[in-house]
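**Student:** Here are the chains, one letter per residue:
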Amino acid sequence: MKKIFKILLKYYLKYITKLALLVHRPTIVAVAGSTNKSFVKKEIKKTLEKKDLKVRANPKNFNTEIGLPLAILYLPSGYNEYRKWLPVIFKAPLKIFQKNFPSCLILELGTSDAGDMKYLLSLVKPRISIVTNITQRYLEGYNDMNEMVKEFALLAAKTSNLLILNNDNNRVRELASRAQAKIIKFGEKDDSDYKIKDIKKEKKGQTFILKNKKKNRDIELNKFGKHHIHAHTISFIIKDYFNGQKKF
Amino acid sequence: MFERTQDLRLSIIKQMELEASKYPDAVSLAQGIPNFDTPEFIKRRVERALKRGVVAKYSLSPGLPELREMVEESLETEGMFYDWEKEILITAGSIEGITASIMAITKPGDEIIIPEPTYTSYREVIKLSGCRPVFVPLNKEKGWAFEIEKYKQAITSKTKAIFYCNPNNPTGTIYDRTQLLKLAELAEKNDLFLISDEVYKDFIYDEKNFFSLAEIPELRKRVIRIFSFSKAYAMTGWRIAYLHSDEQNVKEITKVHDSLVTCAPVISQYAALGALEAGKKDIKNFKKKYLERRNLICKKLANLSKIFDFVTPDSSYYVFPGISPKLAQKIDKNLITEQGRVDSWKFALWLLEKAQVATVPGMAFGPNGEGHLRLSFGREKENIEEAFRRLEKLFKNC
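Line by line, the protein sequences give chains A and B. Residue 1 is where the first sequence starts when you use the numbering used here, and the numbers rise one by one after that. Residue 249 is where the second sequence starts when you use the numbering used here, and the numbers rise one by one after that.
What the hints contain is simulated information worked out from the structure, not anything from laboratory work. There's no promise every hint is true.
[As the list claims (entries may be wrong)] Calculated lysine-lysine pairs in the BS3-like style (CA-CA distance at most 25 Å, straight line):
hint	chain 1	residue 1	chain 2	residue 2
1	B	K469	A	K6
2	A	K226	B	K469
3	B	K528	A	K60
Bear in mind the structure is a predicted one, so any value in this text is a computation, not a measurement.
Chain A with its partners taken away, still in its complex shape (with noise of 0.2 Å):
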């Protein structure tokens, strides 16, 4: 009965959101990877609405077949609960046309088993896609890495515009081989297009330089951990290729 009740559910707001995203026709920025996804989609999130963009992220674990939907469509869950899920279908159709619906979307993919990617890029198509690592975090899911890692290739290859990837990251940085859009390494190796040099722990955080072709930039953050590095090195490419775009 739950199942069958899930797979309903599944396809039910799969087409609603597919809808709705024909409506509104919203930027789709994709960040997937092992670890860090939450810190770069708030450090995303940031820059973008700086820029008076209307964004929306999804919350922590809307990640998923039933979660991304429900992100995207601004809905609540209702977990184990049907009684709690029914206002959730009375109202999902509603949304297709609600009014100030962000004109971009960051949106976290989660993947935890094999086929996972698939199912979300037939929901979503990302102009922009990011991803953060890859580790062996999830490999229960996959018979072993080599088929977890068809799973950010597909990303990679779907994603029209811009694939950042983390160049210190050996199965990220193959990525790269699969990719149509335009590609942005990041890392401390030496052919990163935004190179990460100098990290210093302070008391307060940690200070480093991000060296790309046009300019050198001194960052200081607040946060400590590599991780904070990288998510707000994602966020100044972004903010780099906003400016140089007409139209995000």
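Dock chain B against the given chain A, drawing on the hints supplied.
**Tutor:** This is chain B only, laid out in the frame that chain A set:
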């Protein structure tokens, strides 16, 4: 033989529970556990993990990456910035985190200062680590506040840390920003660690502010902050908690943690993930219920003002009333210690025998707790009502 354990004692709370079990109709205000069951969403999260077959193997010693990442996000909402990869450690309950921290930062013979009355097991953990607990009394007249002068006097060349519970168990006190900053100043001056056990920080009443020294980046090398899922999410049996501090401390604490437990139970780590994903509204519900019960128990205690005096707790689910020595003397001279205070152990046993109401004697929480009882309002309202019906009957003619 048994040299290490000779000076350890079994928890007085457990001893009292054992005594209470001899009375079939006993009502317990002793147990420090919530009456709520773990929220459904958390159970479903665990079921999913079980079905996926991901709970049978060890996790990385510091914990599941996804859980540590969520802990970092949760800390960020409270104004604390710690790197999940290097500065957050998932532990098998807070007591394991406390043990690992103390063992990492001390050597046998060191001293650790504890404001008291406070949680009973701190003493045992310090002793087990080969260190000496140094009790510094809290000031009841000032609402169980710190008195910095007393800490200055207690510091010796062997002092390694000041270890406090905030909000405090059993008094329900919240140490305010000014008090804590003074303590931090003292720690800076004397090169001490500050271990802050913040297990009850989610149950703060009357819109009081809560401040943690872990919010101050300059103190991150000194402060080791511990939080448990036990109370906030009704998960005492899952044995799951976390600690965070600067990477130089966490690196060393992790070595002890790895030796003690390898990793926190993986099934419980998934439960903790569920708690962080969707447990906020459950905390809100629990807090609402505890507030109602706090108000009820304080009202009941106020009706027995000839027997008990108390400070209204700002947090946790405990109240710590003092027992009137005059009344105790009137009941039985043997209930009074040589120092003229009420012998809380004997008084608690007397209450159990006469009214079949189980409480925890204040002496369990340190010397300054003598003459008091700890009453828990973590249980149902009916339980509190029944306990006080019996107490009112017992003290009717006093």
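**Student:** Evaluate each hint against the coordinates.
**Tutor:** A quick look at each hint next to the structure:
Straight-line distance between C-alpha atoms of B/K469 and A/K6 comes to about 48 Å, which puts the hinted pair past the 25 Å bound. Under the criterion of a C-alpha separation no larger than 25 Å, the hint pairing A/K226 with B/K469 is consistent with the structure, at around 19 Å. A C-alpha spacing of about 14 Å is found between B/K528 and A/K60, which places the hinted pair at or below 25 Å, so the restraint holds.
The earlier numbered hint that this structure contradicts is number 1, and it is the only one.
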